[in-house]
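Using the sequences and the hints, build the whole thing.
With our numbering, the residue at position 136 of the sequence shown is 136, and numbering never jumps.
Just so you know, these hints were derived from the structure itself, not from any lab. We put the beta carbon where it would ideally sit given N, CA and C, even for glycine.
Straight-line Cα separation of at most 30 Å, DSBU-like style, residue types lysine-lysine; simulated pairs:
| no. | residue 1 | residue 2 |
| --- | --- | --- |
| 1 | 197 | 214 |
| 2 | 214 | 173 |
| 3 | 70 | 173 |
| 4 | 197 | 173 |
| 5 | 173 | 69 |
Pairwise CB distance ranges (calculated):
| no. | residue 1 | residue 2 | range |
| --- | --- | --- | --- |
| 6 | 34 | 5 | 18 to 24 Å |
| 7 | 236 | 187 | 25 to 31 Å |
| 8 | 247 | 98 | 20 to 26 Å |
| 9 | 224 | 75 | 39 to 45 Å |
| 10 | 73 | 231 | 44 to 50 Å |
| 11 | 101 | 5 | 32 to 38 Å |
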Amino acid sequence: MIHPTAIIDPAASLAEDVQVGPWSIIGPGVEVGAGTVIGPHVVVQGPTRIGRNNRIFQFASVGAECQDKKYRDEPTRLEIGDDNVIREHVTIHRGTIQDNSLTRIGDRNLLMVGVHVAHDCMIGNDNIFANTTGIAGHVHIGDGVILGGMTGVHQFCKIGSYAMSAGCSLIVKDIPAYVMVGGNPASARSMNFEGMKRRGWSAETISGLRQAYKIVYRQGMTLEQAMAELEAMPAAAELQLFIDSLRASERGITR
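Have a look at this one:
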């Protein structure tokens, strides 16, 4: 399961069935869960914890120290959940003490070729980041988000669950849940209604979210006025997710 040319530090902890390809390097303080496959020429540095059934392809760099010039070799961490696919040339950096000393990636994410996840990012579950997407430090991303190829995300942005960006988008403000954006800088275009249909959401739920989008983006209200209108709508969990993502914004929302 471990290729003879791989270098595994004695202070690393790998489950019995973990596979490590030729010329890969697993450093001290790395934990790898059962069923994970690490391809050839991969470098994993610790402290890093990788969960179960992940696939990491060749030339990925996982758990390296960050590129923040304030970093002074403090003991920070990277945590990766289960069932993620990390493709070629992906780079994922550990956190900094300026935040929570932690970068975290959840479960069932697909990071395509050349994706960069910087220090202190918090990534949820079931996301797809297309080729060469760059996610700067301290970014928070929810669940089910799709970022098109070559998307750039400014540091400290928040991207709500089920949002989507077109290819080559530059995201400099927060994106509320469900909202589709595109452009440089990115602007809001619609909501991901097709994705809602594919998830089997009811016509009533989708209609309510369509109305909510129009209130925020099409009626010329301030965000405070729009929030009052949204809170007067019939309660629904899907609508509440949208409202919560608006409330959580600190950089202002992408308009």
